[in-house]
Amino acid sequence: MKKPLSFPPFSGPKNQEKFAPALQAELRRAGLDTSGLLWCCSGDMSNEGEFKDMWLCFDAKGLYIAYGKAVVGRAKKKRKKIEATYTIDSISSIPLDDLSCLATERYVSTGRLTADENGKTVSLARFSIGKLPAFDDFAKMFNHYKDTGEIRPPEDHGHGERTCRKCGGPCPPGMDVCPKCTRNSATAVRLVKFFGGYVPQIALILFFMLLSAGVTVFVPQLGTRSLFDNVLANPDGKTAEELLKALAVLVGSIFGIRLLNTLLTVVQQYVTATVMPKVTYDIKVKIFAAMQRLSVNFYSSKQTGSLMERIIQDANQIYWFFIEGIPTLIIESATVIGVVIIMFTMNWRLTLLVTVAVPLIACALYFGDKFFRGMHHNNFLFRSKLSSMVSDNINGQRVIKAFAKEDEEYGRFTELNDNYRRAELKLALAEATLIPSIEISVIILSALILGMGGVYVIQGKMTAGTLLSYIVYLELLREPLQFLSWTANWWSRCADSAQRVFEVCDAEPEITEKEDAVEFDDLRGEIEINELDFEYEPARPVIKKLSLHVKAGQMLGIVGKTGAGKTTIANLIARLYDAKGGCIKIDGIDVRDLKLSELRGNIGLVSQDIYLFIGSIADNIRYAKPDASMDKVIAAAKAAFAHDFIMKLPDAYETRVGAGGQKLSGGERQRISIARTIIQNPKILILDEATAAMDTETERNIQNSLAKLKTGRTTVAIAHRLSTLRDADELAVISDGTITEQGAFRELIEKKGEFYRQYKLQQEALKAVGIADDVTETPLSEDD
Amino acid sequence: MTVTSITPETLTTDYLDPKVCEFYEYNGCFLGMRLNGEEHNRVILTRALPLNDPDNYVCVTDVERKELGIIEHIADFSAEQQSLIRKELSQRYFCPDITSITAIKEKMGHFYFDVKVGDYPMSFTIRDLVKNIRCTEGHVILTDVDGNRFLISDLERIDKKSRRKLEPYLY
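These protein sequences, in sequence, are chains L and Z. 201 is the number that this note's numbering gives to position 201 of the first sequence; each next residue is one higher, with no gaps. 26 is the number that this note's numbering gives to position 26 of the second sequence; each next residue is one higher, with no gaps.
Bear in mind the hints are in silico, worked out from the structure with no lab data behind them. Each hint should be verified, as a subset may be incorrect.
Covered stretches of chain Z, going by a simulated chain L footprint (3 or more residues, C-beta under 8 Å) [what the hints assert, rightly or not]: (1) 23-30; (2) 92-99; (3) 142-148; (4) 156-169.
Derived lysine-lysine pairs resembling PhoX-like cross-links, with alpha carbons at most 25 Å apart [to be verified]: (5) 426/L to 131/Z; (6) 561/L to 66/Z; (7) 116/Z to 52/L; (8) 87/Z to 120/L; (9) 105/Z to 426/L; (10) 561/L to 752/L; (11) 161/Z to 426/L.
With the Cβ distance kept under 8 Å, some of the chain L side facing chain Z (calculated, not the full set) [stated by the list, open to error]: (12) 109; (13) 128; (14) 130; (15) 377.
No experiment lies behind these values; they were computed from the predicted model shown. From the three backbone atoms N, C-alpha and C, an ideal C-beta is built for every residue, glycine too.
Next comes chain L alone, as it looks inside the complex (with noise of 0.2 Å):
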């Protein structure tokens, strides 16, 4: 019989707040007493599947579930708050004694919540998978409070929900109000920010431009309407002699002013050729510097042909439109005008109809520029698909060639290919189509000034000098009103690239380093695990409760099954990830209380998948202090057994590696990756499989240099041949993210445990391929 809980008044935090005064207000009226709620969250859906909202909650009596509408407004201006309303349709309870385990199952698109209702398994409600996470800390805070009679403190896993202040939709980490709520003008205006730095040589540029253009508005009224209405038509009856005279003058003048604009040109070309790399190297550099700062995580969810696209294209695109692109803009649009203005004092008739084409130039550019955007955005993928496909093909050669697949590879290839260059020729099809439409325009108004005009020569209230210099005008104005047409394709491929580089560089790092972190005074290498809980993603935990203590200089060895969360363990001690609950302590600091250089600086990573970097094999093996001396460099190549091998080959430590360089085979790359290791010389040392893909003689040797490299270090091996973790002073056994055994090598084998049974087969495995392992040699083989 269970017995009935009494717990004590509660005063620990909680979460009411989840629920807005509103909500519960109207909770209130439906005749629920909110006074005493623990813990609450929202979901989405009903038990049966339907879209619903839905409100949960538990007090000290029980757990409540209430189905409702919530309808969010948008923000007002003056109140920038967003503003909801609810009604609660139905709330049914469930007496806190009857209910006991609450536990949260992930299925593909939405979760559940079920629970121990008096022995039976019963589900308590569904919802969307987006909100397993607050389900899954109602789970566990009702279970904690059954357990305890307490609410603990909340984890700030980076799951909690951040919604905009405008929308009230899904908000970027950092932001109060989400990039759909911010203004159409923010991505020029974050641009205009990007190149601050460039004003003086921005402005320089865009001087050369305006005098330049200032000089070919002149031009038609030197070369033209004076060449017609005072010299060749000779209104002043001068003689053959005076007109010549003129007529030198005035070709004289067209040359030196042509001359003069060509001069201009050439100025502001040679200016933007010295500011161009310039330029483009910041760019790059910016995003490859947010792009070092972000997590592993980050990595791993992107695709490289994408990120590579992303510093050289974006870069190259942000750039033209910036430094030709605006600058070219403003000369053309300043030419526009002054033509247009010389043009009214000309004849303001012919004027007004030139005027009547601007509008449907610009309702062009308006739904050219969102017609294009799109049809960008679709080539960028194509593009990275086909990078990334081309990156996939060269790192895969060596499967590709063993299974014969060059003809499905080239088959691939050209299909994407073919996509790619469908999309080429679709969005060139859609230039070609719509560009021409806005010059159409132009030559229809052409034919109809030159028709009106020249009635107004017939009827002398124009004169014919004055006729042809408004066609040389309005001849000038095609070549701004071309460039603006392109301007909305411009932009919209600059915007694009400038929103993906926006995206890497606002990514916020999910690792960061406190502003009071802390170093190590003297650090000793003691590894302190507590309670630790790790997932990848929610309700998916691959790490549970786990503790572990290594006391400093000494060597830990986990063994475990694949996917059992060996190598997680590792990632979390490094701080590649963050845990979600429970810590890592080293000399009992939190590692998310230290510096990051400070931490990763004292742990030496030597796994299976070993990285050399584009060099020679020296520079690698110095990569954690490159200003090693080469007699260090040597030492350490030596002690680990790498000496000899890097001495056969032509350039020995000179030689390149790393793609497209030497190959090494994968003894030979660990050897390097220990040296590279012994030079940093860390305090903490994890293995990670480090010798999983070796043959036994090399693996002897790296063991060799291995025992070398653990003295006086504190060492964590990872390791499925369990003979090589002999030396290990403790040994633990994970199985599905927790400890299943633990202790030394010894205690484990005499335990006839899971270890044990792990041990035995494969003792029995390497006596079927023959090869008389050391294992055999421990008394208990004598038991087989």
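Following the hints, position chain Z against chain L.
Relative to the frame of chain L, chain Z by itself:
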């Protein structure tokens, strides 16, 4: 003892036999299975090919995810059994099926979708289209920033306007 060499021809999988396997409803909303007389009060069904062959190759495990067997074809079971299996699968694989797209707005690398699932309007946000929009065999799966999934079960069935809005983001 003769050892048969493993070739694709000799590889076989044992599937659950509808004659010795019976599904039943447990506690109103869970599925149980009786296999060779042994009762498993809660079983979990997982499709091997959830997108392209949802009615075949369904793995049955207990709550500890220990495999109890594989259903080769759901159609091999009786109509009543099939409805129990399908009910459990529909709960597990429930995904809002988008019927029309009202708007897609893009800002700063975020894509804001206003859609309709039947008559029910829904809004969600997607980041990183390459990863989160998956187009396969005429259907599209969209995963939003919170991990929620949305489905367009038949791209040809949604209206032309909606399709045109989505097309720039598909590949």
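Right, here's what the structure says about each hint:
Only residues whose beta carbon comes within less than 8 Å of a beta carbon in chain L count, and the segment 23-30 of chain Z has 4; three or more means the coverage holds. Only residues whose C-beta sits within less than 8 Å of a C-beta in chain L count toward coverage, and the segment 92-99 of chain Z has 5 of them, enough to reach three; the restraint holds. With 5 residues bearing a CB less than 8 Å from a CB of chain L, the segment 142-148 of chain Z meets the requirement of three and the coverage assertion stands. A stretch counts as covered by a chain when three or more of its residues have a beta carbon under 8 Å from one of that chain; for the segment 156-169 of chain Z and chain L the count is 3, and the coverage holds.
Between residue 426/L and residue 131/Z the CA atoms are separated by roughly 24 Å; this keeps the pair inside 25 Å, and the hint holds. In summary, the hint linking residue 561/L to residue 66/Z is supported, as the alpha carbons are separated by about 16 Å, within the 25 Å threshold. Distance restraint check for residue 116/Z and residue 52/L: the Cα-Cα separation of roughly 15 Å lies within the 25 Å cut-off, and the hinted pair is therefore satisfied. Only pairs whose Cα atoms come within 25 Å are accepted, and residue 87/Z paired with residue 120/L is accepted, the gap being roughly 21 Å.
The suggested pairing of residue 105/Z with residue 426/L holds, with an alpha-carbon distance near 21 Å, which does not exceed 25 Å. Annotation: proposed proximity of residue 561/L to residue 752/L holds, straight-line Cα distance about 17 Å (limit 25 Å). Among the hinted pairs, residue 161/Z with residue 426/L is consistent with the structure: their alpha-carbon atoms are about 18 Å apart, no more than 25 Å. Among the interface hints, the one on residue 109/L holds; its C-beta lies about 4 Å from the nearest C-beta in chain Z, closer than the 8 Å criterion.
A distance limit of 8 Å between C-beta atoms decides the matter here; for residue 128/L the minimum to chain Z is near 5 Å, and the interface restraint holds. Given the 8 Å rule on beta carbons, the hint for residue 130/L holds: about 3 Å separates it from the nearest Cβ of chain Z. Taking 8 Å as the C-beta contact cut-off toward chain Z, the hint placing residue 377/L at the interface holds, the least distance being around 6 Å.
When held up to the earlier numbered hints, the structure conflicts with none and fits them all.
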